[in-house]
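Student: Could you build the full structure based on these sequences and the hints that come with them?
Each chain, letter by letter, is given below.
2 protein chains.
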Amino acid sequence: MIDTPLSPGSTIGIFGDGQLGRMLAIAATQLGFKVHIFSPQHGSPAFDVAAFHTTAPYSDLDAVKAFASEVDVATVEFENIPLDTYEHAGKFTCIAPDTKALATSQDRLAEKRFLSSHDIPVAPFVEIDSEADIATAVQKLGPAGLLKTRKMGYDGKGQIRLKADAQGAGANSPGVNLEEAIKAYSGAPSIFEALVNFELEISCVAARDWAGNIVFYDSPRNEHRHQILAESHVPANISEDLEKLARTYTAKIAEKLNYVGVLTVEFFVPPTGGEVPLIVNEIAPRVHNSGHWTMDACSFDQFENHIRAIAGWTLGNTQRHSNAKMINLIGSDMEGWAEFAGSSSANLHLYGKGEARAGRKMGHVTYLSGKN
Amino acid sequence: MIDTPLSPGSTIGIFGDGQLGRMLAIAATQLGFKVHIFSPQHGSPAFDVAAFHTTAPYSDLDAVKAFASEVDVATVEFENIPLDTYEHAGKFTCIAPDTKALATSQDRLAEKRFLSSHDIPVAPFVEIDSEADIATAVQKLGPAGLLKTRKMGYDGKGQIRLKADAQGAGANSPGVNLEEAIKAYSGAPSIFEALVNFELEISCVAARDWAGNIVFYDSPRNEHRHQILAESHVPANISEDLEKLARTYTAKIAEKLNYVGVLTVEFFVPPTGGEVPLIVNEIAPRVHNSGHWTMDACSFDQFENHIRAIAGWTLGNTQRHSNAKMINLIGSDMEGWAEFAGSSSANLHLYGKGEARAGRKMGHVTYLSGKN
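Here the protein sequences come in this chain order: L and C.
Read in order, the letters of the first sequence correspond to residues 14 to 385 in my numbering.
Read in order, the letters of the second sequence correspond to residues 14 to 385 in my numbering.
Rather than coming from a laboratory, the hints here were simulated on the basis of the structure.
Please note that a few of the clues may not be correct.
One copy or any two copies: either way a pair holds, since identical chains are not told apart in the list.
[Said to hold, decoys possible] Pairs of lysine-lysine residues, derived as DSBU-like cross-links and limited to a Cα-Cα distance of at most 30 angstroms, are as follows:
hint	residue 1	residue 2
1	K257	K384
2	K104	K164
3	K265	K78
Tutor: The following block contains the structure:
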C-alpha cells in the first residue's frame, strides 16, 4: 500500500491503451505525474498523452517486470487484464485496485457469488457448464434470461438472449428460443441469468483511498442501446433512500474487495413494490463510461479521483455544479461531429481513434444545465 | 484562413514547449485533434502530452517547413518566436494569430504606438536609444518610471525601475536613481514608461474566430509579486461599466490585429476620478496565466477556446459556474505540494517541470466557491 502521498514527478503505470487510459493519463499529468502506458498494441488514445510507453504482450512477464519496476504505482483501465500479469506487476510495484477486485469482476459467476455472500441482491442465476445445464436452468428460472460467458464479456459481448416465450407463443419478442440457444452455446463456462424486470438503470461511481475513506458521485440514470451505454443523466431523479442504498451497497463491495481507486456498480431499479429496491447488474473495478459526465459537471472528475486515490492523495470533492446529460458517440455517430464543432454548449471529448467501426466508442459529449 | 471547420484527426501545430503549450495540447487532444509541438529543446511540459514533436532551432527553416507542411493549422504558446520563423511556417500552413499580432506585442514601442493610434490609453512613454534619452525622458515624464527593453521582456525581465525621488529625498522607495539607471542601461533599444498610479490590475481574456465573432471571459483581478503574476480573482468586483470598457478595448485591439485565437489584454485601473478609467499595460497574443482559472470555473476554458477558434469551430460558452481564486506556484512554492495533495478542494495543475528554480512557474492551484 501507499502510506505517503506520491510526490509530483512520480510515475503512474496504466495497463491498457484505450479511452479510459487516455483520460486517466491526462488527469495524472495535470497533477504533475508522469504516465507510463503498458499495452500489447500501440494504441493511439492513451499513447498520445503519456510520457512513456511499453508495447508488449501481457504474457511477456519480463516486460511486465521492467514496466512495474519503473513506476511508483500501477493500475488498470480495464478489468480483463490476465491476472498473472497483474499479480506479477504487484511483485515489483504497488498495484491498485487489489487483484481480488479484478478476479471477482472477470468472472460473472464469481461476481454473483461474491455479491450474494454479502447479501447484495443480484438477478437469479445458474452455473452453466454443459448444454444440459441450459435446459435445467430454464426449467428452474423460466425461459426469459441471458446466457452469458463467465469471462471476457462487455458491451453485450458473449451474451445470448433467450426470449420469454421460448416454448412457443409471442414470436415478436427479442431473443432466441431454448433450442437455438443450445445450438449457439459455445461450450464456454457460462451462467444463465434470469431477465430482471426493471424501471431504470443507475450506477454508483465511488472513489476509495488506501485508508478506506470513500466518496460518491451522484448516481446517473443510464440508458443502453444495443447493450452499449448510450446516455447518462444526472440527476437520475431517484429517491434519497435509493441513492443511499446504492451507496451502501457500493461501499460494502469496495470494503470487501479492499478496493482502492474508482469503483463503479451498475444497478437495476425494479418497479416500486418489488421484492427488492435495487439489484446489482455488474461491478466495474475501474473508472466507467457512466461517470464521464463528471469531467464537465464536477471540479474533481472520476479520472482525477482514481489517480488521487491510488497515489495516496486526499480524494477530491465529488459535488457537481451542474446537471448533466452525457451522450456516447458510437461508430457512425462520429459522422455528426460538425454539429458539436458548431455548438457553443456541447462539451466534446473525442478519443483519437482512427476508424469509426460499428459499436466502437469514439467519444462522448456532455451538455450541462442549471443544477437541481 | 480556415473557412471549413477542421475535422477530428487533423493536426494542430504549436510553437513552444512550456506549460501553455501543454495545456493547449491537452485541450486539442480532447477535441480529437493530434498535436505536433515544435521547440528548440525537448521540453517536458508540452512534449509529454503531444502525439508528435520536432526538436529544432527556430532558425532551422527546413525543419519549420517540414513541421508546417504536416499540420493543418499552426499557433504559438508565446509571443517571442522569431517572426521569420512564424512567417515561414505561414507559407506552408495556416497560422493563427496573425503575424501582425506577434510583431506588435514583441516590441513595446510598436505596441504602445499601435494602442495610441487607436485611442486606447497607455502609460506615457518615451523611446530610448541612448543614455541621453533617459535623462530627457525623466525630464519630460518625471523620474518615477520603468526603463524597459523593447524586446524579449516578460515577468519583469529587462526592466529597471526608477524611483519617484531620483533627485534625492525618500531613500526607502523601491528602484534606482537616474544615475544608477543610466549605468545599468544595456544600450538595447528601450522605452521609458511613466509609473502609473493604479488601484488594481485586471485582464480581459477573449477568444475571436475567423469570422470575427468574439467572446469574453469575466475579467479577473490580478495581483503581482516580484513582477510575476501571483494570484487572479474572479469576480474582480469592478463595475459593469469598467468590464464593458475593458471588453470594448479588447475587441478593438483584436479587430485591428485581425486576431484569431485567445488574446489577453492587461489593464491598470487608476483611482476613480482620474483622467481615464482604464490604461492598457500589455497585450499578450495568446492564452494567459490570468485565464488559468477558466480551466476549473468554466465549461469551456481558454485553452479549448483557443483551439476551437483556430480550428474554425464555434467558440464555446465563456460563462463561469463558480467564483475562482487562482494562485501561481512559483519556484519554492512547490515545496508545499503536500498541502494540495491533502486537500479535497484544491484544483491543482502542475506543469511537469523538473527543477523548481526561483521565479519558475511550476503550476497553479484554483479554489472555487459559489458564484456571485
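Student: Against this structure, judge whether each hint is valid.
Tutor: Hints, verified against the model:
Within a single copy, K257 and K384 get their C-alpha atoms as close as 20 angstroms, and across copies as close as 28 angstroms, so both meet the 30 angstroms cut-off. When the C-alpha separation of K104 and K164 is checked against a cutoff of 30 angstroms, the pair qualifies only within one copy, where the shortest distance is 25 angstroms, while the shortest distance between copies is 55 angstroms. Taking the shortest alpha-carbon separations for K265 and K78, neither the intra-copy value of 33 angstroms nor the inter-copy value of 59 angstroms comes in at or below 30 angstroms.
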